[in-house]
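**Student:** Residue numbers (my numbering), protein chains in the order written: chain A, 1 to 466; chain B, 1 to 142.
It is possible that some hints are incorrect.
Said to hold, decoys possible - Just some of the chain A residues that point at chain B, by a computed CB distance under 10 Å: (1) 151; (2) 244; (3) 245; (4) 248; (5) 249; (6) 343; (7) 345; (8) 382; (9) 383; (10) 388.
Hints are computed from structural coordinates only; laboratory data are not their basis.
In this text, a Cβ means the ideal position worked out from N, Cα and C, and glycines have one as well.
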Amino acid sequence: MTQPGTETNPLRVAIVGSGPAAFYAADHLLKQGGLAVEVDMFDRLPTPYGLVRGGVAPDHPKIKTVTKAYEQVAANPRFRFYGNVEFGKHVCLEDLRAHYHQILYATGAQTDRKMGIPGEDLKGSHPATEFVAWYNGHPDYRDYQFDLSQERAAVVGVGNVAIDVARILCRTPEELKATDIAAHALEALSQSKVREVYLLGRRGPAQAAFTNPEVKEVGEMADADTITLPEEVQLDALSKAEIERTKDRATTKKVEILQGYALRKPDGKLRKLAIRFLVSPVELFGDESGRVVKMRLVKNVLYATEAGTISPKATDQFEELPVSLVFRSVGYRGVALPGVSFHDKWGVILNEKGRVMDPDSKQPRVGEYTSGWIKRGPSGVIGTNKPDSIETVNNMLEDLAVGQVLQPTNPDVAAAEALVRQRQPQHVTFADWLKLDELELSNGKAQGRPRLKFTRVEEMLAALGR
Amino acid sequence: MKIRNILATKGATVITIHPEQTLKEAVALLAGHRIGALVVVDGSGNLAGIISERDIVRKAAEKDIHLTLPVSEVMIPDVITGTPQDDPKAVLQSMTDRRFRHLPILEQGKLAGIVSIGDVVKALLEEYEGEIDTLQTQISQG
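Bound conformation, chain A alone (with noise of 0.2 Å):
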């Protein structure tokens, strides 16, 4: 048999999830000159783009507009999108072995992790992922409840998403509603109680891993005053020696601005959002129905391990916050797929630049591969994905090159078409998902809103007239 990439025996790949890290794979896949190749790209939801349409916060359009670059690459000919369709459910990696050469995992990191302490499991503290996930539209989260009659909310964490959800919370309805934000959670917010929300940073001001424009972002919202305490955002003498040898001139910015919301006096505005460092929570108490009413923190002074990292160290010192709502932002981690090796400790599937490993033996598995966070865990922005798939689809070809690559017996578009159509009826296509988002658009124009999304499947099927 000839090696597949050619015309008649093209290289089939299935892509598993169809986030930044599953499109620019298959950019590059598609893009090689002299190679023909076919993606067939399957996803749990019906709708594609993963955490760029349940992730990224609904008032940062711009970072949205990415999705334009991968409408391109599902609108190669050589490109199939399989929505609705989840792996391990409706096909199984024996299914994808006997219609495909090459299968790549990129379904990102799913679940958060646990902060660890007494009293986390209480009634009102979630992760953070969830509520993002319900503000998002995302259909598995649709009917969560999040209690916003609460006056007082914690967001432990200082990355990205806990900016996100701080500033959601301190958002106005007006604010909102100018965003894509689901009409579920838009209701919600515009009756939230919460007037206060604690940003709770385990290091100082120099370590917040939150950007410069998040951060003046903050402080430019229109009904939420934005402070810091003097004492947390001084500058400590290791942090100041690192900046100074760096000359890192970013984080000499955000130390300023954050120094900057020290000096501002309250403007008698509706809600407060204050961002804390050097502090992390040791217990959540609750009051007899379970539900937590307040957070012990320890404070903590900074030193460097040996390795050089500026690091958290707890004092004997603690201070109570009263909060009755707690999101947790400490870190995500990747879900194990069925039949796929996983490196449990790391939330990752077990890999080697992208090439899954096998447990046992410490090989590679012939023909399975990874990218994006569920290969090196979370980190990084979007973009972060285009390097770390390329690094992935390289290790393929050179793979393909040797003849290194699975031996379906049915490596044919029409046939795996017909075993998804066969699995599953309800799978949504792309040309299905343009209409979906063109409905979603001209929906919210009709509310005035830059967009009005689809929250269930059903909602989504029946649009499509299933």
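Knowing the structure of chain A, use the given hints to seat chain B on it.
**Tutor:** Structure of chain B alone, referenced to chain A:
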């Protein structure tokens, strides 16, 4: 990004050697796996040191080297170690300032992997590339 994210794509195997093994074995492992350093562990799996190409070359420059020498005579016993939570930027700075190129990573005291200066530079480069790409996309699409 953390060191954890770099380790995540390096499989779960760390190439190690025992202190009583010979330089010949060390050289064979370095060449066979195309790596620059080996983590030296004792019988109970505890970190005993590190041995790199550079250590062997320096030893060879000092005197005629016998490949039958035990690793313990050439290895660096005082190893700087890191954790999966370490920050790659800080690690790169330490590697540059203190002139070492390989950092064994311990997780709860147990060897979890090793990162080289090359791994760290590659990861940081990809992070910057990604940031630039995202900014460019926003400018061109917006």
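**Student:** Look at each hint and say if it fits the structure.
**Tutor:** Status of each hint after checking the structure:
1. The restraint placing residue 151(A) at the interface with chain B is violated, with a minimum CB-CB distance near 34 Å, outside the 10 Å limit.
2. Because the closest C-beta pair between residue 244(A) and chain B is about 12 Å apart, greater than 10 Å, the hint is violated.
3. Taken as an interface hint, residue 245(A) checks out: its beta carbon lies about 7 Å from the nearest beta carbon of chain B, inside 10 Å.
4. The beta carbon of residue 248(A) is positioned within 10 Å of a beta carbon in chain B (closest approach about 9 Å), and the interface hint is therefore held.
5. Residue-level restraint check for residue 249(A) is violated (minimum Cβ-Cβ distance to chain B is 14 Å; threshold 10 Å).
6. With 10 Å as the threshold, the beta carbon of residue 343(A) comes within range of chain B, its nearest partner Cβ sitting at about 6 Å, so the hint holds.
7. Because the closest C-beta pair between residue 345(A) and chain B is about 8 Å apart, less than 10 Å, the hint holds.
8. Hint on residue 382(A) holds. Least Cβ distance to chain B is approximately 5 Å, under the 10 Å limit.
9. For residue 383(A), the interface hint holds, the least distance from its beta-carbon to any beta-carbon of chain B being 3 Å, beneath 10 Å.
10. Given hint, residue 388(A) at the interface with chain B, holds; its Cβ is 7 Å from that chain's nearest Cβ, closer than 10 Å.
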